[in-house]
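Residues per chain, in single letters:
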Amino acid sequence: MTAHRPSADGGPDRDPSAEQAPAAGPGTAPTGRVTTGFGRYLLKHLSGAAVSLLLVLFSSFFIFRLIAGDPIDQLTRERPVTPEQREAMRAELGLDQPLWNQFLDYITGTLTGDLGTSLQYRQPISELVLERLPATLLLSGTGVVLAVLLGFWIGTRAGWKQGSRFDRSHVAAGLLLYSAPTFWLGMIVILVFARYLGLFPVNGMRSASTPDGLLSQALDIGHHMVLPVLTYTAVVYAGYLMVMRSSILDEIGADYLTTARAKGLRDDAVRRRHAVPNALLPTITMVFLAIGNIVNGAIITETVFSWPGLGSLFVSSIFYPDRPMLQALFVLFSSSTIIAVLCAEILYWFIDPRIRKS
Amino acid sequence: MTSPLLSARDLGVDFGLPGGRTARAVDGVNLDVAPGEIVALAGESGCGKTTLARTLLGLERATRGSVSFGDEPLRYSTKALKAYRRKVQLILQDPTGALNPRHTIYDAVAEGLRIHGLVDDETERVADALARAGLRPAEKFFLSYPHELSGGQRQRAVIAGALVLDPSIIIADEPVASLDASVRGEILALLLRLREEMDLGALVITHDLGLAWSIADRIAIMYLGRIVEQGPVEQVLTEPRHPYTRALVSVLPDSPLPKPIVLSGELPDAAKIPGGCRFRPRCQEYASGRASAVSDQCEREDLEVLSADASRHRVACHLHRIERRAAA
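Residue numbers (our numbering), protein chains in the order written: chain A, 17 to 374; chain B, 3 to 330.
I should point out that these hints are in silico values taken from the structure, not numbers from a laboratory.
Keep in mind that a hint or two might mislead.
[Unchecked claim] Part of the chain A face toward chain B, derived, beta carbon under 10 Å:
#1 Gly-53
#2 Arg-56
#3 Ala-278
#4 Leu-281
#5 Arg-288
#6 Arg-370
[Stated by the list, open to error] Sample of chain A residues with no beta-carbon within 12 Å of chain B, all distances over it, derived:
#7 Ile-88
#8 Leu-165
#9 Gln-233
#10 Asp-271
#11 Leu-273
#12 Ala-291
#13 Leu-296
#14 Leu-297
#15 Val-347
#16 Ala-360
#17 Ile-367
#18 Arg-372
Bear in mind the structure is a predicted one, so any value in this text is a computation, not a measurement.
Virtual Cβ for every residue (Gly too), placed ideally from N, Cα, C.
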């Protein structure tokens with residue numbers, strides 16, 4: 017063997033192996049470049065979201081004209097009307113205009129916040145929506161927050177100790193609940209906790225007999241919330257559990273965890289400081305989707321528990337069918353999802369350093 | 003040579019397999035690393051070198067035998083392990099995976115200090131470690147993320163993260179295998195320089211005998227959980243004695259052996275270690291009949307575990323033993 021051994025005694029002052037920082041210096045990149053990068057990234061995602069929103073606007077106008085039937089038939093269902101009266105109603109609702117004009121009215125109306133008038137309530141849709149929105153935000157918002165926290169907490173620990181009894185029992189229980197139909201689970205919950213045990217009210221959001229004070233009203237609403245929130249959380253938390261678990265499993269063999277352990281970091285600190293922050297990255301889109309869905313997230317739960325929110329409004333509009341209301345709710349539900357996803361993309365820029373590279 | 007700092011005695015590590023079988027990943031190893039000494043541990047993939055490294059680091063518990071550091075046996079209490087991990091540091095093969103992608107280089111290097119509560123003049127210590135690892139000027143790298151650096155710079159950052167705790171020994175698992183050829187030499191030169199400057203001992207795990215030749219003082223050749231030959235690197239690689247080492251050396255470009263020896267078969271399963279000499283099923287000497295005088299022993303008699311004696315060239319082979327006796 018004739019290979020040369022590199023000499024170790026090159027002298028301490030001469031260091032041929034020293035790595036020079038690149039001229040542009042990572043980390044000291046001129047801030048101008050960074051903002052341009054972010055500007056381009058933001059523009060790309062903003063324009064994507066804008067295109068999606070426009071498509072939603074177009075499609076909601078045409079879809080409900082195709083499937084929801086003639087509003088005049090629905091308005092005159094229970095009384096005889098002359099053709100003249102029908103024409104008068106048509107003119108009142110603006111339906112005698114050419115489709116193109118109706119479409120322009122709809123677009124300008126939606127963009128300026130005028131969502132039209134509900135056929136079943138004869139009230140401005142925006143008023144009805146604003147009236148119902150707090151109830152929905154309260155129920156689904158609480159449910160989503162609980163489901164995400166519970167799912168992530170269990171998912172992290174289940175993935176960290178894959179195959180353990182904790183893992184197996186929680187995955188089984190979560191999937192069992194996940195596969196239970198919401199209306200069925202809701203009825204079981206009502207039967208057990210409201211009927212037999214009498215612990216909670218059967219439905220609604222408040223009782224008529226509650227005194228007016230802020231505290232007693234809040235307690236009353238809280239009391240009514242327990243069963244619907246329980247049902248909603250029980251059905252959806254397993255989704256977050258499974259995603260977080262697999263995300264942890266993706267990280268669990270990573271070398272940086274071994275490095276951290278070899279430096280003396282305790283196992284639970286390795287999980288908390290290294291594995292969880294990285295495993296959370298891919299779940300952000302899912303969390304934001306859930307936030308976007310808070311507006312329409314609990315349609316079945318609201319129906320089962322007669323919760324006075326947007327979900328039950330949507331269901332009653334389908335049965336009427338209340339075309340302008342359906343149209344408006346469709347736009348609202350879709351755009352909240354689109355905006356939530358846009359927020360997730362923007363957030364990624366700030367928390368995932370690798371995105372800034374490209 | 004000074005007395006060993008890190009040593010393994012009769013070390014064995016078993017893994018339970020499904021079906022109640024047991025894999026003997028490490029099956030009797032004596033190994034010493036002295037301060038300022040670089041020891042190479044070479045062998046095929048799956049021969050147990052990484053398990054041995056993990057056990058020396060206390061990441062894996064020994065099933066048999068012991069690991070000791072400075073004459074103190076390694077204890078596995080949380081506190082004892084934490085103290086131990088200041089002294090013995092790990093460098094992994096792939097620096098991209100070894101760095102948390104969301105931590106800056108500063109945080110990656112400072113992590114060891116924070117774990118061990120060395121919070122005074124943290125910035126200076128981090129800058130010093132980066133500079134010693136060859137990342138200069140250190141401040142320029144503080145706020146960089148791993149993906150902004152080249153492969154060689156990342157490995158230097160990993161090394162800086164190890165150096166910041168002033169370890170006495172570094173265990174490097176294939177430290178340059180994932181790097182470009184041009185960068186390899188630089189990282190190896192860095193390890194040699196650290197040995198000079200800090201009297202740092204190192205156990206370098208590699209499958210590349212050329213690399214072992216370049217940087218190591220001693221080499222241990224591992225086969226199926228056991229060291230089959232060890233000694234000063236010049237002796238072992240210029241006069242390989244064990245048939246396995248001879249086969250490994252024979253395929254090197256500058257081999258001292260006349261013609262390449264190609265081993266037949268695969269490395270056996272660590273759950274089914276052959277009886278007698280564990281290398282026999284693949285041994286070219288046994289197959290060619292050159293070992294006929296000792297074939298009985300090859301088939302029945304397991305070889306004794308080599309002692310860790312640092313200065314001498316030792317071989318675990320029945321054929322070699324009778325040849326040496328005949329020569330004497």
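Each hint, compared with the structure:
Among the interface hints, the one on A/Gly-53 is violated; its C-beta lies about 13 Å from the nearest C-beta in chain B, farther than the 10 Å criterion. Evaluation of the A/Arg-56 hint against chain B yields a violated restraint, the C-beta minimum of about 19 Å exceeding 10 Å. For A/Ala-278, the interface hint holds, the least distance from its beta-carbon to any beta-carbon of chain B being 4 Å, beneath 10 Å. Annotation: A/Leu-281 was flagged as interfacial toward chain B, and the flag holds, the nearest CB pair being 5 Å apart, inside 10 Å.
Among the interface hints, the one on A/Arg-288 is violated; its C-beta lies about 13 Å from the nearest C-beta in chain B, farther than the 10 Å criterion. Among the interface hints, the one on A/Arg-370 holds; its C-beta lies about 5 Å from the nearest C-beta in chain B, closer than the 10 Å criterion. At the 12 Å boundary, the C-beta of A/Ile-88 stays outside the reach of chain B, the nearest C-beta of that chain being 60 Å off. The Cβ of A/Leu-165 sits about 22 Å from the closest Cβ of chain B, beyond the 12 Å cut-off, so the non-interface label holds.
No beta-carbon of chain B is positioned within 12 Å of the beta-carbon of A/Gln-233; the least distance is around 45 Å. Not every CB of chain B is more than 12 Å from the CB of A/Asp-271 (nearest about 4 Å), against its label as outside the interface. Not every CB of chain B is more than 12 Å from the CB of A/Leu-273 (nearest about 9 Å), against its label as outside the interface. Chain B draws A/Ala-291 into its interface by the beta-carbon criterion, the shortest separation being 9 Å against a cut-off of 12 Å.
With a cut of 12 Å on Cβ distances, A/Leu-296 falls inside the contact zone with chain B, its closest approach being about 10 Å. Taking the minimum C-beta to C-beta distance to chain B, about 8 Å, the non-interface status of A/Leu-297 is violated against the 12 Å cut. Look at A/Val-347: its CB is around 37 Å from the nearest CB on chain B, clear of 12 Å, so calling it non-interface holds up. The beta carbon of A/Ala-360 is kept farther than 12 Å from every beta carbon of chain B, the shortest such distance being approximately 17 Å.
Not every Cβ of chain B is farther than 12 Å from the Cβ of A/Ile-367; the closest lies at roughly 8 Å, contradicting the non-interface assignment. At roughly 8 Å, the least C-beta separation between A/Arg-372 and chain B is not larger than 12 Å, which violates its mark as non-interface.
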